[in-house]
Structures are given as C-alpha cells and as structure tokens.
Amino acid sequence: MSAEVRKLGMPKWGLSMTEGRLVAWLVDEGADIAVGDEVAEVETDKLNGAVESPVEGVLRRRVASPGQTIPVGGLLGVVAGADTTEADIDAFVADFEASFVPGESEEDAGPAPETVEVGAGTLRYLRQGEGDDAVVLLHGFGGDLNNWLFATPALAEEHTVYALELPGHGGSSKDVGPGDLDFLVAALAQFLDAVDIERAHLVGHSLGGLVAASLTLREPSRARSLTLVASAGLGEEINGEYLDGFISAGSRRELKPALELLFADSGQVTRQLVDDVLKYKRIDGVDAALRSIADHVFGEGRQHVLVADRLAELGVPLLVVWGEQDRIIPPEHARHVPDSAEVVVLESSGHSPHMEAAGDVNRVMERFLAGV
Amino acid sequence: MARRITYQQAINEALAQEMERDETVVIMGEDIAGGMTTAGEDDAWGGVLGVTKGLYHRFPGRVLDTPISESAYVGAAAGAAASGLRPVAELMFVDFMGVCFDQIFNQAAKFRYMFGGKAKTPMVIRTMWGAGIRAASQHSQSLHPIFTHVPGLKVVAPSTPYDAKGLLIQSIRDDDPVIFLEHKMLYATEGDVPEEAYAIPFAEANFVREGDDVTIVALGRMVLLAQQAAAELDGEGISCEIVDPRTTSPLDLDSILESVENTGRLVVVDEANPRCGFAADIVAQVTQEAFGNLKAAPRMVTPPHSPVPFAPVLEDAYVPSPDVIAAAVREVAGAAAPA
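Which chain is which? The protein sequence lines are A and B, in order. According to the numbering used here, the first sequence is numbered sequentially starting from 1. According to the numbering used here, the second sequence is numbered sequentially starting from 1001.
One or more hints might be untrue.
To be verified - Have a look at the derived ranges for each label pair, beta carbon to beta carbon: (1) B:1084 - A:285: 19 to 29 Å; (2) B:1024 - A:178: 47 to 57 Å; (3) B:1195 - A:237: 36 to 46 Å; (4) B:1316 - A:82: 52 to 62 Å; (5) A:284 - B:1084: 15 to 25 Å.
Unchecked claim - When the alpha-carbon atoms are kept at most 30 Å apart in a straight line, the in silico BS3-like pairs for lysine-lysine are as follows: (6) A:279 - B:1053; (7) A:256 - B:1295; (8) A:281 - B:1120; (9) B:1120 - A:279.
Stated by the list, open to error - Residues from chain B that face chain A, not an exhaustive set, calculated with beta carbons under 10 Å: (10) 1002; (11) 1017; (12) 1021; (13) 1162; (14) 1169; (15) 1191; (16) 1192; (17) 1194; (18) 1200; (19) 1204; (20) 1254; (21) 1255.
Simulated from the structure, these hints should not be mistaken for lab results. Since this is a predicted model, take the numbers as computed values, not measurements. The C-beta atom is built at its ideal place from N, Cα and C for all residues, glycine as well.
Whole structure, please, built from the sequences with the hints as guidance.
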C-alpha cells in the first residue's frame, strides 16, 4: 500500500455529530489541494459547513456522491500523488470499506468535555491540541462550547485550545451567584488557575468577548492576546428584543425567530438547533441565570459595561472580527477599538461569524495568533 | 450534563428530584415500596417493575404503600391535591383505572371548573400501558383516548427517557390532574438524559425525524416502531417525518399541521383501539384544518377492534408492526411495495 494515499473523511463537527450529508463537491477530481482548502460542502442535522482538507495532494477520487449520508470518519474521497496508480486507489478504498466501523473512527475518538471545580462552581470545558500556547475560547450569551466546533480543531493544530462554558451555560453550574459580570470574570480567572494557565490567548464571542476583555483589563498579564468576535463591551447598542425573546421563549415556535437573528442566513437555524437550545433552556435555573446576567450587563436593552476606551492602554495584541450583517450588536462597534487593533469585517455573516464563516474566521485567527 | 440512562431510571430520577425539591410531593400506590408487614426487607419491590425502588428509605413518610383499593387511594390523592399536597399515585396497570373512574372523571377532573377556578388539583396518576409482555387483555390496554376525551385531565405518554423525565417533572409541577402513561415495553430503552431537573412543556410535539414525503404521527412505543419503518422506507426513496405529540391533552395540533402542510400526506400510528380513538381524532382534525394540503387520504394504523389477545402469536399480530406501518406509508405515498 502506497504511503501517500490519504483519506478525506467526514469530519466531526460538535460532540453530537454522528453523520453528515454531502451536499456538493467544491473541487474536481484531479485538482491539486492544499491543507485547509475547502473541498466539499456538508450538511448535518444542525448546520451546513465546508470540509477543509486535512492533507495535501491531488484529489484522486470523489468516493461519496452528493446527497449521500456518510458516518463521521467515513470516506468522502481519496487524496494521493498524481503518480499513484488507479489500482492503488482501488485497493485503498476496498481496504477502507472492509475495515471501517462507524463510531470507532479517529474522528470519533475526539476529546470529551471535562469539568473542573472552582469557587464559581463546576465549569465544563473541552480541551484539544498539544501546542505550547493556550487559547481559551468563550462563547456568547446563552451559548456553549459547541459554538466553537469549527474553531476548536483548527486552532488545536498549533495550540492547546480550551473551549470553556461560563457559569449558567452548557454543562457548567447554573448558579451564577449575583449574576453580574464580575462573577463571570472571576470564574474565568479561577478556571485559568485551576488548569494551570498563566497566560492565554483569550478569544471571546459577544458576552464572552466582554468577559475576556474585562479579565484582560483587570489582570493584563494573563492575556497573551485578545480576540473579540462580535463582542459586547464596545458600544452601547444591543438588540434588547433578541435578549428578551431568547430568555422568555419556552417553545420551538417562540425560540426560532430569536435564533434567526443570530445569523445572516436564517436557514442556519434548523429544528435540531432550536431543540438543542430548548433542551438547555429547560434545565432548572437556566432562565433565571440568563435573566440575571442580562439584567446586569444588558439591562433595558443597552450595554452597561464599555471597555473600548481602556483597551488602548493595554498594549495586548488585539484582533476584532465582526459580521457586517450582525443584527444583535452593530458592526460599527468595531470602529471603537484602538487603531493598533486588527479589524476584520466579514460581509456575508451575521452575529455568529465563527459559525457562519468559520473558514474565514479560522484563517484570520490562525494568522493573528501566529504573529503574536 | 447528560448521560445515558433507561426510561425506568429517568422516571425514578424525576420522582426523586421533585421530592427533593418540594416536600409536598408524596407518592402512593400498591407495593411501590413493598414487603410491608412481612419478614422480608422494606422496599422489597419498588412497584411492579421496580420503578420507585429506593425512594422509600430516601424520603421517610412520603412513600405510601396502599391497600389493594385503587378507588380509595386515587380518591385520597385527589383530596390531598385539593388541600395542599402534590401526590403522585401509581396504578400498576392502566387497565385498573376502571375501578376509580368516578374519582378521576367526576372529582379530580371537575374541581377547578366546578369550584369556579378557585380549586387546583395538582395530582399525577402514573401507570403502565400497552401490549407486548404476554399479560393478556386486562393488563395490556392502551386507554389514553378515554382520558383524552375528558376535559380537565391532562394526558402524557413519553416515548424516550429524555421525555419521560422532563414530562414527569412538568406533570408534578402542573396544577391540574395529569394521567402519566409509561409504556411497559420502553422501560429498558436507553437515551441521553441530563442529570439536572428540567421540565418539558405540555403541547410541544417532538419532531423525531424530519422528512418531506409523508408525516407519521405516533405515540409511545409506536414512535420506535415508526422509526424502524421510516429507516426501511428511506432506502426505497420515501422520506418520512415522524411527529410525536408527547401529550394527547393538551395537543400540539399546530406542529402536526405544520408537518402535513409540508408533506401533504398523513399516517397516524396508535396502539389504542381504533373506534373513537386517538388516531381517528388526529385524522379528523387534520382533515378539517388542512384538507387543501392533503394529496391523499390519511391512513390510520391501529390494532383491530378487539381485546388484546393472550396467545403470543396473536398478540404480535395485534400490535402494529414496522411492516404494517411501512405498507400504510407506501399506500398514502402511492408507491409500490418493493419486490
């Protein structure tokens, strides 16, 4: 068996993904592909995304056809050198099909979430990668570590990535104490201590951005860099109707319109996504925790904690990413950061560019982190 | 965080968490602890199949073994509910409801209405339903249509461990009498269930599977059999959407209509008797509300109008099977059976 024949497999996006449907191929057979090239469009019950090639070479065979559902780790295509024989490719496909067991692939053996006890309660996080530098990812209001499903594996190639769930969110404790920003910032600091991270690249989306920035202002030595994605804390405006709608929704019919505001393309909001958020929101204590955080940080439909002016004093490398079609926090807030910051505004994305334009956001973050 | 547990464990956990949270929650029934007045251990049984096992010692004085007199203790539960407790009464089998119909239909279901809204009756009656364990005609029935028929009762029939826990917690917190139906063939099924307490609102159907060609409405164990049929039909190019109403009263008709507006075709699978049944009710309501969307006559898949047979071969033939469900779907889809 020729060593350079490589599998292009169905990726695993998020902890619960077991299979995906190939929507379309984005490259032809015979095309040269590099690591990170988008090669196929895949749809899961939760979302659509582009598969990036983990290997380089020539796409020798498109094994899966559009419309086909493939288990995680299953064969989408074969990448090899231009000189590999068709017989070797046939043998590779036959070998793979003979030995592949869904649910037991390398892709499936991804990291499982862990928990740590700190003063703020139990915190759940996903750790991936073995790099020297730590990257800590913080989701937004009502989110969880799965919001970073595209960023986590991409950044884990060079760094040790921790996708943390803030108190009141995901699998972390639902008790948010006084329910203010200080409690969330303290939880982040306690987490860094508990997992023994002295300095990290802090990456935060929306509320998570404000938490990351606030910790950086309080203890600048803890942040190697700061990445703010559609972040809170940079201007007063915020969509209060969204916050109320999200918190008060108890049914699929009420929640769906609120979630649609998070994306430029409301087709991203599948029934499964709505169900997953409802499963979280139904847990005792969640709505009270969300209400408390919202009242403290975003009460009466405006942001109470603004950090933009103070970021200039820090000297911490700063990246700001926004979707131009953000309907929750206006992208104009990206202009409020110091001139030294790198600002990237993505045209076709809403409030969740790290999900909606994951490939672009990953590339921007990878380049930024490499230059720090 | 979620982990895999059984439907039976999910029900036990819901009871334990609500008893922990609210000291007015008490449970009562025949042998729900078991072994009383004998030389053996207390809590010897934990109910017929052990669903309440372990609660007796954990909640002293709040797990009440009753005499074999359903009419007495269901009446006691209704009275206790009207005067401040949140009782959960267990009837071994739904078939035994007949001896306490007055307490349920004329008392519990009517208190709020006849006392001008000034009374509430936060009681739950948990019971086992459905065929499949060779328990014959008096221990195998599916009687949800009878309770659904009576205004003032809420009727819940979960099909998964996740739904069982969340709907039982909602039932206990609800201020009206709830008939909570546990399918005996589902107790050993496993699924992801959060450790924390959570409540699933009534009248929120679950889309078990999305599809574009035919809507299958199914309840309880029939949801699992419909999933098997849908998997088979998928291979034939027929895409089924499965909607599990989860509660028959109140009913989330909107979700069923939403699905039928998309597919234009409806099959209702139900384990209850066909006459004046749940399947007939759904078909009637969809036909009335969405006639213009229907591309074919809806079909009901139910057992024959007969008592549940004891002979295993007959019982198996009586319960709707995935094959029978698949045949009905092909018929409304206008598709031929595979060769």
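Hints and how they fare:
1. B:1084 - A:285: 19 to 29 Å: Taking Cβ atoms as reference, residue 1084 of chain B and residue 285 of chain A lie about 25 Å apart, which means the hint holds.
2. B:1024 - A:178: 47 to 57 Å: violated, 30 Å
3. B:1195 - A:237: 36 to 46 Å: Hint holds: Cβ distance 38 Å, inside 36 to 46 Å.
4. B:1316 - A:82: 52 to 62 Å: holds, 59 Å
5. A:284 - B:1084: 15 to 25 Å: holds, 22 Å
6. A:279 - B:1053: Given that 30 Å is the threshold and the Cα spacing comes to 27 Å, the pair holds.
7. A:256 - B:1295: The hint holds at about 28 Å.
8. A:281 - B:1120: Answer holds: residue 281 of chain A to residue 1120 of chain B is near 27 Å, not above 30 Å.
9. B:1120 - A:279: Cα-Cα ~28 Å, so holds.
10. 1002: holds, 8 Å
11. 1017: holds, 9 Å
12. 1021: With a closest approach of 8 Å, the residue 1021 of chain B hint holds.
13. 1162: Check passed: Cβ of residue 1162 of chain B comes within 8 Å of chain A, closer than 10 Å.
14. 1169: With a minimum Cβ separation of about 9 Å from chain A (threshold 10 Å), the hint on residue 1169 of chain B holds.
15. 1191: violated, 12 Å
16. 1192: At 9 Å from the nearest chain A Cβ, residue 1192 of chain B passes the 10 Å test, so the hint holds.
17. 1194: holds, 6 Å
18. 1200: holds, 6 Å
19. 1204: holds, 5 Å
20. 1254: holds, 7 Å
21. 1255: holds, 8 Å
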